[in-house]
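J.: Listed below are the residues making up each chain.
There are 2 protein chains.
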Amino acid sequence: MVKAGILGGGQLGRMLLQAAANYPVETYVMEDDEESPAAHLCHHFIKGDIRNFDDVYQFGKNLQALTIEIESVNEEALERLEAEGVKIFPKPAALRTIKNKILQKQFYTEHSIPTAEYFVTADLAAVRSRADFLPAVHKIGTGGYDGRGVQILRTPAEIEKGFDAPGVLEKLVNIDKEIAQIIAVNERGEIAIYPPVDMVFDSRLNLLDYQISPADLPQNILWKIEAISLRVVKELKSPGIFAVEMFVTRQGEVFVNETAPRVHNSGHHTIEANYSSQFDMLWRVILGYPLGNTEVILPGAIVNLLGSEGCEGEAHYEGLDEVLQMDNVFVHIYGKKETKAGRKMGHVTIISREKQDLVHKAHKIRNTLKVVSK
Amino acid sequence: MVKAGILGGGQLGRMLLQAAANYPVETYVMEDDEESPAAHLCHHFIKGDIRNFDDVYQFGKNLQALTIEIESVNEEALERLEAEGVKIFPKPAALRTIKNKILQKQFYTEHSIPTAEYFVTADLAAVRSRADFLPAVHKIGTGGYDGRGVQILRTPAEIEKGFDAPGVLEKLVNIDKEIAQIIAVNERGEIAIYPPVDMVFDSRLNLLDYQISPADLPQNILWKIEAISLRVVKELKSPGIFAVEMFVTRQGEVFVNETAPRVHNSGHHTIEANYSSQFDMLWRVILGYPLGNTEVILPGAIVNLLGSEGCEGEAHYEGLDEVLQMDNVFVHIYGKKETKAGRKMGHVTIISREKQDLVHKAHKIRNTLKVVSK
Chain H
261 MVKAGILGGG QLGRMLLQAA ANYPVETYVM EDDEESPAAH LCHHFIKGDI
311 RNFDDVYQFG KNLQALTIEI ESVNEEALER LEAEGVKIFP KPAALRTIKN
361 KILQKQFYTE HSIPTAEYFV TADLAAVRSR ADFLPAVHKI GTGGYDGRGV
411 QILRTPAEIE KGFDAPGVLE KLVNIDKEIA QIIAVNERGE IAIYPPVDMV
461 FDSRLNLLDY QISPADLPQN ILWKIEAISL RVVKELKSPG IFAVEMFVTR
511 QGEVFVNETA PRVHNSGHHT IEANYSSQFD MLWRVILGYP LGNTEVILPG
561 AIVNLLGSEG CEGEAHYEGL DEVLQMDNVF VHIYGKKETK AGRKMGHVTI
611 ISREKQDLVH KAHKIRNTLK VVSK
Chain B
261 MVKAGILGGG QLGRMLLQAA ANYPVETYVM EDDEESPAAH LCHHFIKGDI
311 RNFDDVYQFG KNLQALTIEI ESVNEEALER LEAEGVKIFP KPAALRTIKN
361 KILQKQFYTE HSIPTAEYFV TADLAAVRSR ADFLPAVHKI GTGGYDGRGV
411 QILRTPAEIE KGFDAPGVLE KLVNIDKEIA QIIAVNERGE IAIYPPVDMV
461 FDSRLNLLDY QISPADLPQN ILWKIEAISL RVVKELKSPG IFAVEMFVTR
511 QGEVFVNETA PRVHNSGHHT IEANYSSQFD MLWRVILGYP LGNTEVILPG
561 AIVNLLGSEG CEGEAHYEGL DEVLQMDNVF VHIYGKKETK AGRKMGHVTI
611 ISREKQDLVH KAHKIRNTLK VVSK
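Chains as they are written, first to last, in this note's numbering: chain H, 261 to 634; chain B, 261 to 634.
So here's chain H without its partners, still in its complex pose (with noise of 0.2 angstroms):
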């Protein structure tokens, strides 16, 4: 059996492994803390911290393939196990380009992929000496993840939210929709795309509120959307699972907003709407299989399943039993043992070919689940 390391322990690990267990492979998973949402479901947990090189690397060095679900790990290491032959997904320069934004940035105006104007602003200085491109986003080079380390700066006053380190600092675009396409690619550089996903954001916590797939779009701007995601994970040049999140203009531009190099929270649907997820899909790409059929059984939706504002402890799922309930609806809570403010503690996925009914079950779960402490 492949032995294939997760870098990471949260819940995209938990889905990989949920997904790994169709397959023969041997699964090891670094992670901090015992008790994360992927720990007791691989064969061999090792705590570990993923930003220390050492670390990442003794975890690496007697595996065949190795795969992130957080950006957030040691890459020179990862440079190093590719040196010796180890299997990367993605690989270690793919994942130095994205996770700095400004690398991300300038990859995108290289390879004349549309995106949004963009400075590039050393430190808070360097934004206020840009006050005249305001309304802007400005958004942390590196260390930001799940909507910290982007600011909105509508007015100069507002300029000392922004990040006193390098960072980017973004036109703001007149959105139309959030988009978001999961496209996998294996080491011979096939390619499978799934269909394009309508994101609807909380704007207060930049995360989202609900998502719908396939995203109902004209055909024109849909061609655009494939292609522009396609540039970018052709250009990339590494076999993996990419989510690439874009905006469409009220003109109908696209422009594309990032590019995550891993399972990505925009395709939970997958799991139960499409026929290969991207969780499948991924360890297709890893064990050398056929890449699989990224078709929709059903159009569907998600609903992210948060903590609750004032809530910190002891997780407790009110709400639940009717949810639970719903004829078409799909529970996925992550095991988190502590919720707090934000935390991402599970989804709900509803499949169903009625577009009325995905929309209004959505609503309804958003509703009525809430995660709250005991």
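Computed list of lysine-lysine pairs in DSBU-like fashion (alpha-carbon distance at most 35 angstroms, straight line):
1. B:263 x H:600
2. B:263 x H:604
3. H:634 x B:263
Since the hints were made in silico from the structure, they are not lab data.
Go by the hints and put chain B onto chain H.
T.: Same frame as chain H, but now just chain B:
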């Protein structure tokens, strides 16, 4: 989180644990082999003998709930645990009735549940004295599993193939179809019924060849099947999940063949083909959630993947790439290191709106995918 244990660490446990990762539950598994298919997917693996009183009692005494993935567990320990307040799915009394084929047959008779005519036989001499009853099926009272412990005796000369142990001698029924129905019962006695499955057997190994769900049956037969399987489950008076296997004769009679008080091979298609899988459903029962939706998303078929004749040793999957290329097919490899002739090594599910597509692909998979030794 509820602490729940599974006795047995085979593929049924493996699939139960894949489903458990959607819920807040702390999982325990007991099996005598640390490399069994379920061993690495639980929070706590305990090495022990599920047939041994002390092992089972020690395993269960600090848990809130226990289930089984095989009948051959120590039921005295389960009775003791039940008396001490551990919830057991199924109840030990139901398990006791079912695991002895003599008691099981008598249970059907007592409750006027149609089953093939039979005699209880104390030993092989008793079978010999009933030579006039042939052709018949001789079933050993306890210890049979997966086709072992069952012999078809067509002529008096074949009687010596029977078992010199207590058993039942059952009239050979003129079978048109073999049907299985999975039913879930929760602690409040509420019931959820899956659509019946048409099982096609390999008569040589007495192992499933392929199965199709929902079974294609006239309405009056469907009603009989549902009424009979409901009666079985109601009279067992136990929460849990049950698979009732039935024969339909050419004359349209329905006889119960046998019942399994657990998740079952005849329900594996429900992972992809039904809204709530049999594994999801059992967790709903154990955790006290509402019962799931048994409706079909798309019709499904499964093919069991058995170790090839003459192959014993490290498992190798021939034709896997070809099967993974099929559009609407889901592969489940159980991760057993060693194969041997007839061993259940995995299964493949097909879902499709078209019955012809299900049958065609089932045969193709059967002829393509082989488990051999290296």
